[in-house]
Amino acid sequence: MRGARLALWGGFALVLALLPLGWRNDYYLSLLNFIGIHTILVVGLNLLMGYAGQISLGHAAFFGVGAYTSGILTATYGVNPWLALVAGLALAAGLAFLIGVPALKLRGYYLAMATLGFGVIVYIFFVQAQRFTGGPSGLSGIPALSLPGFTFHTPLRLYGLIWTATLGILALSAGLVDSRLGRALRALHDSEVAAESLGIHTQRLKLLIFVWSALYASLAGSLYAHTLNFVAPSSFDIMFSIKLVTMVVVGGMASIWGSLLGAGVLTVLPELLVVFHDFEVVLFGAILMVVMIFLPRGLVRGLLDLWEYRHFRRESGGVSG
Amino acid sequence: MLQIRNLTASYGPVTALAGVTLHVREGEIVALIGANGAGKTTLLNAIAGLVRREGEITFTGRSLMTVAPEELVSLGVALVPEGRQLFAPLSVADHLLLGAYCRHRRVPAREIAADRERIFQLFPRLQERLEQPAGTMSGGEQQMLAIARALMARPRLLLLDEPSLGLAPLVVEAIMTTLARLRKQGLTVLLVEQNARAALKIADRAYVLETGRIILSGAARDLLADRQVTRAYLGRDYKEFTDGR
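Respectively, the protein sequence lines represent chains A and B. So the mapping is simple: the working numbering equals the position in the first sequence, first residue as 1, plus 141. Counted from 1, the second sequence has number 182 at position 186 by the working numbering; the numbering is strictly sequential.
Bear in mind the hints are in silico, worked out from the structure with no lab data behind them. No experiment lies behind these values; they were computed from the predicted model shown. The C-beta atom is built at its ideal place from N, Cα and C for all residues, glycine as well. Wrong hints could be hidden among the right ones.
Here are the simulated distance ranges between beta carbons [to be verified]:
id, chain 1, residue 1, chain 2, residue 2, range
1, A, Leu297, B, Arg114, 57 to 63 Å
2, B, Pro85, A, Val409, 54 to 60 Å
3, A, Tyr450, B, Asn32, 58 to 64 Å
4, A, Tyr450, B, Ala109, 37 to 43 Å
5, B, His100, A, Phe425, 42 to 48 Å
6, A, Arg345, B, Gly182, 31 to 37 Å
7, A, Glu449, B, Gly33, 43 to 49 Å
Simulated coverage check for chain B against chain A, where a stretch passes if three residues somewhere in it have a Cβ under 8 Å from a Cβ of chain A [said to hold, decoys possible]:
id, stretch
8, 66 to 72
9, 86 to 95
10, 108 to 118
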């Protein structure tokens, strides 16, 4: 079991390392980079939705907080990009804490409401605070991230950076889920009363995981800002928050690998559907509906179930037909 | 060990507990019996702080009125809630670890492992099903797991809410026997039951609850023989009415 899991992670890292060798097309690499950034966002949201049983409808805002903090501090004030990244993390965590304390005191989906409002406010701030954010036309001139003697300014170099971060975040999240804390999270998702009767501080734990997922979003935002070298409010609107929730559900709730798949599919799909021009949105919606009807537990779990079912049929000689 | 004085609780305008006074001494099994809606579960939930309550509750001299539900277990009081309240997708092993959640870093890991072995001696079935999701086990196994999970916290007082609910008579007997064994090992138990006969057989003392009030209390043996109790809760009169047919 442990060996199989290590092999899975090793294989995944190997594929990531080899992918750009055969595929040195800047468009494809950029697409992979966006999948990586989205994966970081979706894993964080999945920890919150799939494990803590809470929904955030404002994750695009935390993403934006990271992106704009990095952008403004580096482009306008010339702060070191790594320092700016840390500042973004601190700001996102602080904001998540402020929203989470009152919203998570109550049982139920109050966090969804609170984050929905937060998302709208942050979006309006990005548009209106022109002096800092550049307003609707955005903020440009964000420098690339760099290490001494090495700048991450080409898609290939960014690929290395982003996917190292993504792999690290995936591993960290898988470790968290397997830990004592992860067990407590799954318990409180199932029954808060029973979890409390075991001495689990459900409120504190939900707050912790909410702040945790905001940190992921902010990290993704900083990476995004330094990848595009440009940020505009439209990338952080409420629709993007909803798209993130969709990625979690399509990939599979409470599944680390599902987050990767959900982010991958929903990032690539619109690109593939571009050829259908005006029907793009319609097809996008239709595909989502089909996935949810036939694979309600998400792609990863659904495909595994299908495989097990066929496997079982073959072994029993198809008698059950 | 547990002292309850004049405890009241209500759901909106509906009074569920109208001034309950009872006590549990160390090493006792105390049964609380009563019909549906008498307030038995409310009483346990009031002790656990899961419903708003007024009155006085002390455990080993310490007031529980300001203690949050999730703090209770660290003080040595564990609740086995009504309907088991297991985490359906989690395995038996996960449940046992969660039971010891609050002991993490307070006691060495090997002590928790030793407790797990003790549990397996008590409930060998759980060891056989270690990796099985709790939701797929039989009702009896689930009840055993619910008790085992609570025991992993090493409580001094165990609050049990209707462990016999929906179980076959043989399984109920097995669970009651286990409780009697646990008491011999020094555990104190407050047992809420609708199955009065099974509860009174292993209990030292018992209280009868009716519409939020204690209407009768005494040694379990006496209550088993009490006419009022037998008629209301043990169904023994049925034989008299039908001449044993």
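Structure-based check of all given hints:
Checked against the given bound of 57 to 63 Å, the beta carbons of A:Leu297 and B:Arg114, roughly 58 Å apart, stay inside it. Checking the proposed 54 to 60 Å range against B:Pro85 and A:Val409 shows it is violated: the Cβ atoms sit about 31 Å from each other. The hint said 58 to 64 Å for the Cβ distance between A:Tyr450 and B:Asn32, and at roughly 43 Å that hint is violated. The supplied range of 37 to 43 Å is met by A:Tyr450 and B:Ala109, whose beta-carbon atoms lie about 38 Å from each other.
As the Cβ distance of B:His100 to A:Phe425 is approximately 46 Å, the hint placing it in 42 to 48 Å holds. Between A:Arg345 and B:Gly182 the Cβ separation comes to about 32 Å, which falls inside the hinted range of 31 to 37 Å. Range check, A:Glu449 to B:Gly33: about 45 Å between beta-carbon atoms, so the 43 to 49 Å window is met. Coverage of a stretch by a chain is defined here by at least three residues with a beta carbon nearer than 8 Å to that chain's beta carbons; for the stretch 66 to 72 of chain B and chain A the count is 5, and the condition holds.
Coverage of the stretch 86 to 95 of chain B by chain A holds. Counting CB-CB distances below 8 Å, 5 residues qualify, and the rule asks for three or more. Coverage of the stretch 108 to 118 of chain B by chain A is violated in this model, with 0 residues showing a Cβ closer than 8 Å to a Cβ of that chain against a need of three.
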